[in-house]
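**Q** Residues per chain are reported as follows:
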Amino acid sequence: MFMYQSIIYKEWIKTRSMIVLMAIVFLGAGIYSFMKIAETGRLMGMINYWEGTIEKGVSFFEYFKYLPLLLGILLAVTQYVPELQFKRLKLTLHLPLPEKNIIAVMLAYGLAVELLFILITVPLLLLGLSFGFPREIVWGAFWLILPWFLAGLAAYLIASWICLEPQWKQRVLDFIPGAGVISFFFMGVKAGAYQPFVIYLVGFILLAFAFSFYSAIRFKEGKS
Amino acid sequence: MAPVIQCENITHYYGNRLIYKDLNFEVQKGKILGLLGKNGTGKTTIINILNGYLKPQSGICRMFGESMDKLTPQTKGRIGLLLEGHIQHSYFNVRQIERYYSRFFPNWKRDAYFRLLEKLQVTPTQKISTMSCGQRSQVALGLLFAQDPDLLILDDFSMGLDPGYRRLFVEYLKEFVESGNKTVFLTSHIIQDMEMLIDDCIILDYGKILLHKSTKALMEEHPGQTMEDVFIELTGKY
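Chains as they are written, first to last, in this note's numbering: chain X, 2 to 225; chain S, 27 to 264.
Be a bit skeptical, because a hint or two may be false.
Computed list of lysine-lysine pairs in PhoX-like fashion (alpha-carbon distance at most 25 Å, straight line) [stated by the list, open to error]: (1) Lys-135(S) / Lys-224(X); (2) Lys-170(X) / Lys-208(S); (3) Lys-47(S) / Lys-221(X); (4) Lys-55(S) / Lys-242(S); (5) Lys-224(X) / Lys-170(X); (6) Lys-64(S) / Lys-224(X); (7) Lys-221(X) / Lys-91(X); (8) Lys-81(S) / Lys-221(X); (9) Lys-88(X) / Lys-64(S); (10) Lys-135(S) / Lys-91(X); (11) Lys-47(S) / Lys-200(S); (12) Lys-170(X) / Lys-91(X); (13) Lys-153(S) / Lys-55(S); (14) Lys-224(X) / Lys-81(S); (15) Lys-224(X) / Lys-96(S); (16) Lys-224(X) / Lys-242(S); (17) Lys-81(S) / Lys-88(X).
Calculated from the structure, these hints are not laboratory results.
Excised from the complex, chain X in its bound form:
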């Protein structure tokens, strides 16, 4: 158990500055979003604002659209680029633990950080919105932002897969389908339209967990 804690400690040392920075960015985006909502409410009047959100599908949290995605990519880069630099991954895989477990713990750490951001940010955004808007609008906002936050998890796993890949040519080949799949999370449809589709997005995220193991196998085979 102590050994796995030690791997988490290593990941924390690598990522902590970036996590603090992104926490500040998320906080700033949250404050700015609510200032904007309050200002629009004052200018339009809350009833008109309600009507506008229902009829035109106005998004309250546009600033959060790409932030979870950015967090996922930055997490993967800060975790895995130092491992591939000078092939330090050899040191990590040489530790007295099963190699699959080492990779799984590293991925689980990144996913846990991304999930922590989601589980703090989403309820806070919806709670703040519920003070000025009825439940239906809050619920609609939830379904609109959910794919953006799920995109963060998917982006983390795809970026990890690409970062752990030892060959540049293969990285480019991995990037193309990876970017294609990520675009599904940003199709820009109205709130609620994703509802039946979310299960497939979650299914993809579960599947993407396996991709990085393939890159690690290629690294072990000496592909470069």
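Given chain X, put chain S in place with the hints provided.
**A** This is chain S only, laid out in the frame that chain X set:
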């Protein structure tokens, strides 16, 4: 007694370029074997093959009787690995890296690490990325001493070290090996100081082994010469 390292008929190519054909060698317990050769003769390649980081075209290597691609965590815990260029996790500082590794090895000797580092002008909070190559070599060596492995694999440990640090490294290593029944497999392209350290040597040339014998026998066959002289005689200056 079974050898600690055993390589049988290793053949490897990079593209069309032959690195070795049917390379065979063993390292017995308690011995220090030096694999010496110029740059590009495949020294790092054999270390990668040994540790399962490269699949050779044919042949097999074993460490403690286990095949290179199926090393168990227990066996890995008995092997200390130094990568070429003294590469370590440079985002850690001196104290953090000790804390990180200490949890993996039951016989961790914290004092051995800090005793070695006391000799350097570094603070416990100094980041490894800000250190010179010589200082990094001492951090890497200190971590290996603290791990107290049965087998040390050192890939071109002399790379980037000035003569002072190289001599220091060799002296500490010799002392460490003599203190327990340790086995060492090392590679180097710098031959100076090697006769002080290694029991057996293999001199590699492009694609083949030029020589494989004990250091003692080699030096007796070439009286008045250093190992470096013998190496140049065998491999040529360039």
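**Q** Measure nothing beyond the straight line between the CA atoms of Lys-47(S) and Lys-221(X); if it is 25 Å or shorter, mark the hint as holding.
**A** 22 Å, holds
**Q** Would the pair Lys-224(X) and Lys-81(S) pass a check requiring their Cα atoms to be no farther apart than 25 Å?
**A** Distance of about 9 Å is within 25 Å: holds.
**Q** Holds or violated: Lys-81(S) and Lys-221(X), Cα atoms, limit 25 Å.
**A** The hint holds at about 8 Å.
**Q** Verify the proposed pairing of Lys-224(X) with Lys-242(S), using a straight-line Cα cut of 25 Å.
**A** Since the Cα atoms of Lys-224(X) and Lys-242(S) sit roughly 39 Å apart, the hinted pair is violated (cutoff 25 Å).
**Q** Under the criterion that the straight-line Cα-Cα distance not exceed 25 Å, is the pair Lys-224(X), Lys-170(X) satisfied?
**A** Given that 25 Å is the threshold and the Cα spacing comes to 11 Å, the pair holds.
**Q** Check whether the Cα positions of Lys-221(X) and Lys-91(X) lie no farther apart than 25 Å.
**A** 8 Å, holds
**Q** Given the hinted pair Lys-88(X) and Lys-64(S), is their alpha-carbon gap at most 25 Å?
**A** Judged against 25 Å, a Cα distance of about 22 Å means the pair holds.
**Q** Compare the distance between the alpha carbons of Lys-224(X) and Lys-96(S) with 25 Å, and conclude whether the hinted pair is satisfied.
**A** 18 Å, holds
**Q** Taken at face value, is the distance from the CA of Lys-55(S) to the CA of Lys-153(S) at most 25 Å?
**A** 36 Å, violated
**Q** Lys-170(X) and Lys-91(X) were given as a pair; does the straight-line alpha-carbon distance stay at or below 25 Å?
**A** Given that 25 Å is the threshold and the Cα spacing comes to 21 Å, the pair holds.
**Q** Assess, step by step, whether the Cα of Lys-170(X) is no farther than 25 Å from the Cα of Lys-208(S), and give holds or violated.
**A** 42 Å, violated
**Q** Does Lys-242(S) sit within 25 Å of Lys-55(S), going by the straight-line distance between their CA atoms?
**A** Distance ~18 Å between Lys-55(S) and Lys-242(S) Cα, so the pair holds.
Figure legend: structure checked against the earlier numbered hints; hints not met, in rising order: 1, 2, 11, 13, 16.
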